[in-house]
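Residue numbers (my numbering), protein chains in the order written: chain Z, 1 to 461; chain D, 1 to 263.
Do not rely on the hints blindly, as some may be mistaken.
Pair ranges (Cβ atoms, derived) [stated by the list, open to error]:
1. K104(D) <-> V269(Z): 26 to 36 Å
2. K454(Z) <-> S217(D): 56 to 66 Å
3. A167(Z) <-> P192(D): 47 to 57 Å
4. W268(Z) <-> S156(D): 31 to 41 Å
The hints are simulated quantities; they were obtained by calculation from the structure and are not laboratory data. Where is the CB? At the ideal position from N, CA and C, for every residue including glycine.
Chain residues, written in single-letter form:
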Amino acid sequence: MSPIILLLLALGLGLAGWLAARARAWAFRRESPDGRLSSLPTYHAWYVALWIVIPVALFIVVWSAIAPGLVTQSVLASPAAADLPAFGFQRQTILNEARAVATGAARAVFNPQAQELVEPYRDALSRFNLIGIAVTVLIAFVGGTWAFLRLKPDFAARNRVERIVMAILLAASLVAILTTIGILASLVFETVRFFGMVSPIDFLFGTFWGPDPMSSADNPDGSRYGAIPLFWGTIFIGAIIAMIVAIPLGMMSAIYLTQYADPKVRAWVKPALEILAGVPTVVYGYFAALTIAPAIRDLALQAGVSNPSSESALAAGLVMGVMIIPFVSSMADDSIAAVPGAMRDGSLAMGATQSETIKKVMIPAALPGIVAGVMLAVSRAIGETMIVVMAASTAANLSANPLEAMTTVTVQIVAMLTGEGSFDHPATLSAFALGFVLFMVTLALNFIALRVVKRFREAYE
Amino acid sequence: MVTVVHDNIEQTEAKMSARDVSVFYGSKKAIDEVSIDIPTEYVTAFIGPSGCGKSTFLRTLNRMNDTIPSARVEGDITLDGQDIYSPKLDVVQLRARVGMVFQKPNPFPKSIYDNIAYGPKIHGLAEGKDQLDDIVEKSLKRAGLWEEVKDRLQDSGTALSGGQQQRLCIARAIAVDPEVILMDEPCSALDPIATAKIEELIAELSGRFAIVIVTHSMQQAARVSQRTAFFHLGKMVEYGRTSDIFTNPHEKRTQDYITGRYG
Ligand SMILES: Nc1ncnc2c1ncn2[C@@H]1O[C@H](COP(=O)(O)OP(=O)(O)OP(=O)(O)O)[C@@H](O)[C@H]1O
Ligand SMILES: [Mg+2]
């Protein structure tokens, strides 16, 4: 029995409670001398229904988490399970097979040993299904009765219902926050494990990156875990090359759109830019890897560079810059548009030309917002994965030559997690440490940027 | 309907003059055939009920209406006999000669010093830092703001009080040494004390610059101006000496407005 069916059952019970409570409230209304209740009958109905559905829903969540484990336990306790292999992969396979047949997901077993377990599995499944249904009904009944008995003509059902709804809304908003905290916690946990094997000094300040997933996990060579080349590659591609492309182009397009463009042109160009922002980054990745990178290599060859890399930092950075343009442009656009028109009029009335007005009044006034936009763009660029995975290399080079192959933090996270190292090898764990650093840096950038933007908004009311 | 122009006003040479000026926003006529002479010697006040076109007309005098795409001007406006809408005239030069102060103080988000230096810099009026310093000091002194800000010229202009900001805007306007200053309700965002300071300033500046002020306050018009034009529904109804307009209006609509019967 799936949780869905339990949920439907709960909703059915809730509906029954709803109807019963409403009928009850109407009865109060008929009996009371002035025909008034302190809350409308539907609020009484909702009160009871919520008292049925919410406890049951909570139970279903818990139950669907623990029920499979309980089923397996009881199967293992059956005599047929006595001669299973003690531990490990094989035992798990047999159990899975038996379960698949018992639930009807597979037609027959491959492993004869599993056949004997099918029956115990069926028994256990149906037993726990029954328990699940019984507990659901019981909880619904207890919750519903308790709520139902509290109904009185002067019961403030509306206030209670509103409070419950508010609690639900609060819980919903907490989900995102708690998830972030959970992610951070798991990152921290794995990062701490990594730093138990490799010293943070080696990691943060070492200049050679070359983890070997095949080496012994017990005594890792800290000097192979120097992340400086990755940080440098990330900054060089995401914060330097990409921004050299994105800041001027984004600014110019924002200036054009806010100051010069005909409203008709603006009505076309602005949505077009926004669509550009919605292009999946993997598409940019193709473009970088298949078009830009070879073109740059050919150009470099013609310019006389010997043996240029086909996976240059320049290619990844250029395409990433193009990807970021709409982002910078729309932040700059918003900031320039937020500068009061009076400022512009004041400058024009002094006899300033339009370009003087833009250069000397509008942009300085919009600068905090623009800077914040650029910081957000940087934090996006350094966290961007797809383009660099496709176009940048995995070779960790510490170089200022944009034609050379370079790698970034995100590329290495992907490489380490998809590598052949086992999960508790420091090479794999280093992905978490890298992710943690990336998380902290982008968090800091976003935090500062949002504060700057907020100040900026306040400055103009 | 023709404008009633009082016949006892002395003929003085007009700094600016408008002849049959109409202004349209799209197809809507906001100003209907207004003709007026603006003398250098006097302060001219535009009064009239809200929406009658005072700001619109004021903004045609330094072509600020150019910034509104739908606005269109017909008729002739001259500055020292020169047509300001002629293609030969550079609007940048025009606005340097005809400055403007807005209803809401709008200092640039720059230092006090840079606010004043902005105009002289873009028009190349100062040869060096010393000369620029001089212009800043002189303009602030003329605007009666020097004593209050001389020790904090590098503070942001937006950190001043509303009244100080408005005087900063006036100082900014006179820093480029204009010939005409247009003021659109310069005191409507200010308290009575700040208003009194601005009015004092206008009195001091009058004579040196031709000043046109739009105001909703009859008392203010009576206090600061020597000429008054009353606008109604896009037309200029009556024009004459301020004292005459307020004591002896020829038109019933003018009388109704200044006695507070409508508007
Ligand atoms: N940018 C614009 N686009 C279209 N119509 C406008 C525009 N500005 C003003 N108008 C219209 O022109 C008319 C005159 O407006 P204007 O602002 O000149 O009046 P005003 O006398 O200054 O009023 P107030 O005393 O309220 O400032 C009004 O009917 C107004 O709606
Ligand atoms: Mg106005």
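Okay, the hints, checked on the actual structure:
no.	hint	in the structure
1	K104(D) <-> V269(Z): 26 to 36 Å	32 Å, holds
2	K454(Z) <-> S217(D): 56 to 66 Å	38 Å, violated
3	A167(Z) <-> P192(D): 47 to 57 Å	53 Å, holds
4	W268(Z) <-> S156(D): 31 to 41 Å	38 Å, holds
Hint 2 from the list above is the single one not met by this structure.
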